[in-house]
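Line by line, the protein sequences give chains G and F.
Counting from 1, one number per residue, gives the positions in the first sequence under the UniProt record's numbering.
Counting from 1, one number per residue, gives the positions in the second sequence under the UniProt record's numbering.
Since the hints were made in silico from the structure, they are not lab data.
Using N, Cα and C, we set each Cβ at its ideal position, and we do this for glycine too.
One should not assume that every hint holds.
[What the hints assert, rightly or not] Pair by pair, the computed Cβ-Cβ distance ranges are:
no., chain 1, residue 1, chain 2, residue 2, range
1, G, 151, F, 174, 56 to 62 Å
2, G, 10, F, 278, 53 to 59 Å
3, G, 80, F, 113, 57 to 63 Å
4, F, 21, G, 151, 50 to 56 Å
5, G, 73, F, 81, 52 to 58 Å
6, F, 5, G, 72, 56 to 62 Å
7, G, 207, F, 37, 31 to 37 Å
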Amino acid sequence: MVHKYAKPRGYKARQLIVRARNLRSGANFIPPRSFRARRFYFSNEENGLLHVPKDQAPNPQAQMFSDPNMAMDMMKKNLSMIIPQTLTFAWVNFFFSGFVAAKIPFPLTQRFRSMLQNGIDLSTVDVSYVSSRSWYFLNLFGLRGLFSLILGEDNATDDTQRMMQMSGFGFDPTKSLGAEKDSLDIVQHDWALPKFEQRAEAVLRKVLS
Amino acid sequence: MVSKTEETQLSNLETQVDNGGGGAWEYLCLVRKLKVRRSDRVLKHGLSILNDLKKRSSLGPDEWTLYEQVAVAAMDCQSLEVAKDCIKVLRKKFPESKRVGRLEGMLLEAKGAWAEAEKAYSSLLEDNPLDQVIHKRRVAMAKGQGNVSVAIEWLNKYLEIFMADHDAWRELAEIYVSLQMYKQAAFCYEELILSQPMVPLYHLAYADVLYTLGGLENLQNAKKYYASTIDLTGGKNTRALFGVCLCSSAIGQIAKGRNKDDKESPELQSLAATALEREYKQKASDKLSLLTAALKGLKVSS
Numbered sequence: 001m002v003h004k005y006a007k008p009r010g011y012k013a014r015q016l017i018v019r020a021r022n023l024r025s026g027a028n029f030i031p032p033r034s035f036r037a038r039r040f041y042f043s044n045e046e047n048g049l050l051h052v053p054k055d056q057a058p059n060p061q062a063q064m065f066s067d068p069n070m071a072m073d074m075m076k077k078n079l080s081m082i083i084p085q086t087l088t089f090a091w092v093n094f095f096f097s098g099f100v101a102a103k104i105p106f107p108l109t110q111r112f113r114s115m116l117q118n119g120i121d122l123s124t125v126d127v128s129y130v131s132s133r134s135w136y137f138l139n140l141f142g143l144r145g146l147f148s149l150i151l152g153e154d155n156a157t158d159d160t161q162r163m164m165q166m167s168g169f170g171f172d173p174t175k176s177l178g179a180e181k182d183s184l185d186i187v188q189h190d191w192a193l194p195k196f197e198q199r200a201e202a203v204l205r206k207v208l209s
Numbered sequence: 001m002v003s004k005t006e007e008t009q010l011s012n013l014e015t016q017v018d019n020g021g022g023g024a025w026e027y028l029c030l031v032r033k034l035k036v037r038r039s040d041r042v043l044k045h046g047l048s049i050l051n052d053l054k055k056r057s058s059l060g061p062d063e064w065t066l067y068e069q070v071a072v073a074a075m076d077c078q079s080l081e082v083a084k085d086c087i088k089v090l091r092k093k094f095p096e097s098k099r100v101g102r103l104e105g106m107l108l109e110a111k112g113a114w115a116e117a118e119k120a121y122s123s124l125l126e127d128n129p130l131d132q133v134i135h136k137r138r139v140a141m142a143k144g145q146g147n148v149s150v151a152i153e154w155l156n157k158y159l160e161i162f163m164a165d166h167d168a169w170r171e172l173a174e175i176y177v178s179l180q181m182y183k184q185a186a187f188c189y190e191e192l193i194l195s196q197p198m199v200p201l202y203h204l205a206y207a208d209v210l211y212t213l214g215g216l217e218n219l220q221n222a223k224k225y226y227a228s229t230i231d232l233t234g235g236k237n238t239r240a241l242f243g244v245c246l247c248s249s250a251i252g253q254i255a256k257g258r259n260k261d262d263k264e265s266p267e268l269q270s271l272a273a274t275a276l277e278r279e280y281k282q283k284a285s286d287k288l289s290l291l292t293a294a295l296k297g298l299k300v301s302s
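Chain F on its own, in the form it takes in the complex (with noise of 0.2 Å):
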């Protein structure tokens, strides 16, 4: 997570280093500190350090890691041939590091040779079966050549092991929402929850999940959902107001025939619309009418 403080720093150095400004190096450093995604510029950045002798050296031991940091932007960039010259200096400095046969099994990868990239990383992982960024690779890889019940298989086998990896269980949601197979990613999005329970983003998509699998019990979950995101966000988040008017209009929709022996607050979804229409008025005020409309197609709007 990049805090806001860190975000308004990482902008400014970058200004600052875009016109020339000196401090590439600090914000190389900060880029690989918050794991953002600069490859453009720290392909651009880094490379001007390290055609530069005296700047590359005066780095010391830290040369290493910025030619590891220059290679995988490469990648990213599709230089490939900056990167192999990149990976080359660093397998003679170290020949025999599992670190650099990562990044050549990348280099494969990015060429798209995917056999010899599997290879590769098969071979890496008899060696070390703990390393967590290969198996993610090859996670990534099926998912590249567009290998999703691969990448589901891969993915499952990693968190067999490493279950409390909470990005692992948010990517296998995320696929398996993709796939319309919302059972399973109801149960990805309930272990995220679990390990951060705090975190509104994880109790809306869930929300969600459920809304969409549907059923009566589903769509009460669901709601209870969206309201404890509306609480955990303090009533900011548009898509869980529009999803607390969304399930009482299909749990009243369901529950029409039956008895209304259980209690459901009427007051919660009158409470949202009026938010809603609140947001809008104030920042969509052209948009409002829509709104109106939507919502007395709903029947909440107080």
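This is chain G alone, in the form it adopts within the complex (with noise of 0.2 Å):
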């Protein structure tokens, strides 16, 4: 809740958004002058809403660099997910390379066998047999959901989570208020109204037949 709160900037920034959006829909139910007083209320060079100066723009890279603790956290995590993992599959590799580790009670197609069969290299094998490190692999990705079951929602072997939050991360609102500001110059305004002259006309003559 409280990062809610914690800025109103970017609440502000979000609520112009949506307004900027309503006028570039509702654009042609407004009469031409009002039309674009409002555009160039929003998107002029000088103090337009929608106009962010160059030099204000937050770098994103830049942000990272002004917290060295979130980028060292983030690299202590990944660093403690991939030297157990090289590890292991090192081990995996030296001492079990080429054995037949499993085999599957129902026959399979040819195309498995890049899938079931890594580190065999003999096309004649039936594919239902199993080697080793494809083993290991099927063990490695197939394992997350029950990990996740076993040890919690967020422990240390499921990666995807965090990088859900990475990409997720810190909705920068500089980067839609340009792209709000472009797509709103681009506006071309038909004011409907006219039209509607008619098509009361319309409407009531089909009221009174």
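Hints in hand, dock the two standalone chains.
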């Protein structure tokens, strides 16, 4: 809850975007002069609401560097993931390469060979035999759901969630303000109201007949 | 917006509860969900639940919601003692809550202690400058004291941040109209039309403002917006029909001296006039003579 209230500027930017979007979609319903006045108000180069001065726009990369703790944290988490996995992989690869670890109780087509028989380069082996290296990979990716069930939602083995957090990290209002300004600039104003007189006539005729 | 089915549901429940048929809690929930103002009933039935220990404890955590609802209703009915008791209970349960702080501010307001209420609200706003309800309470307070210009000031400040809140735009428009500041009101109505282009009432209000402003261009625009209202309501809006007639007559008077190069569609007003006549014939035949006299005065009668 706290973060929602912490940024009045971000909130204002979001409201501004909604209003600008309304202006874009409803532009044809207000007189041309009103539309032009509004567009000027939103997007003029001096003090328009949507205009963001170049030097003020915060760079996400710069933001990352300004907060070294965050970068360190992320690196640590990544390292703690990567090192044990590389070690296990090396271990499995060294001791069990070329072994058959399991057999699937049903036949499969040749297309599955690359998936199930990683590390065995023999085309004559039946596809339902699973090589040890493939077994390792299958477990690594397939057991993620099970791990999250047993170990709780955010455990160290699950890095997909962190990826999601990364991509949604920090809604950047300045960027969408700029985009909104660009699309507002190219709107062609075509006043819809003159057409409405004819439509009203048609409606009344229909009512009266 | 309350839809028709919800309205019938509400009135059914209302009669059932009023006749002692039970379902008071469901009724209160519905009132809360639809945000309708039934303060006297909420106070009566809410209190009867709150005073009944068994019923109250069966609500579980919803009990506190009910306390809040009853407190607000009590303030609306000027039963300040009840409101005070409710707020006291809530304060005991939630000692740090901002929401209870808001209720306390409202209680001060209900007592008429404007200055203290103002102080309470501004201290709450310092903690959280984005509390929409408190901003709106401030506007309402200024309006309640008759300081319309202060209300406008607050509203404008509010709209600077929450500029997508169309209800606030509507309130501002109505205040401007009441002060006869039509240009500003026209701006607000344009904003409303932008946010909801398919609501005929905004078109109608905007047309009214334009017609009141006068001048050839405004009159022509007003006529267009009356026309759009007719289109959006399927010709059922009497005010829009009258508006078209009045606009055409006024435009005719202004443009009499000039050459008529911009072609006005002459058919619309005669169609509107016929539609009006038909409406009157069906629904108020005794007033038909008044209508024909008025239309004749406007010279739009066919």
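Each hint tested on the structure:
1. About 58 Å separates the C-beta atoms of residue 151 (chain G) and residue 174 (chain F), a value consistent with the hinted range of 56 to 62 Å.
2. For the pair residue 10 (chain G) and residue 278 (chain F), the beta carbons lie near 55 Å from each other, so the given range of 53 to 59 Å is met.
3. Between residue 80 (chain G) and residue 113 (chain F) the beta carbon distance is about 59 Å. The supplied range of 57 to 63 Å therefore holds.
4. Checked against the hint of 50 to 56 Å, the C-beta distance between residue 21 (chain F) and residue 151 (chain G) comes to roughly 53 Å, which is consistent with it.
5. Against the hinted window of 52 to 58 Å, the Cβ-Cβ separation of residue 73 (chain G) and residue 81 (chain F) comes to about 55 Å, which satisfies the hint.
6. The hint said 56 to 62 Å for the Cβ distance between residue 5 (chain F) and residue 72 (chain G), and at roughly 58 Å that hint holds.
7. For the pair residue 207 (chain G) and residue 37 (chain F), the beta carbons lie near 35 Å from each other, so the given range of 31 to 37 Å is met.
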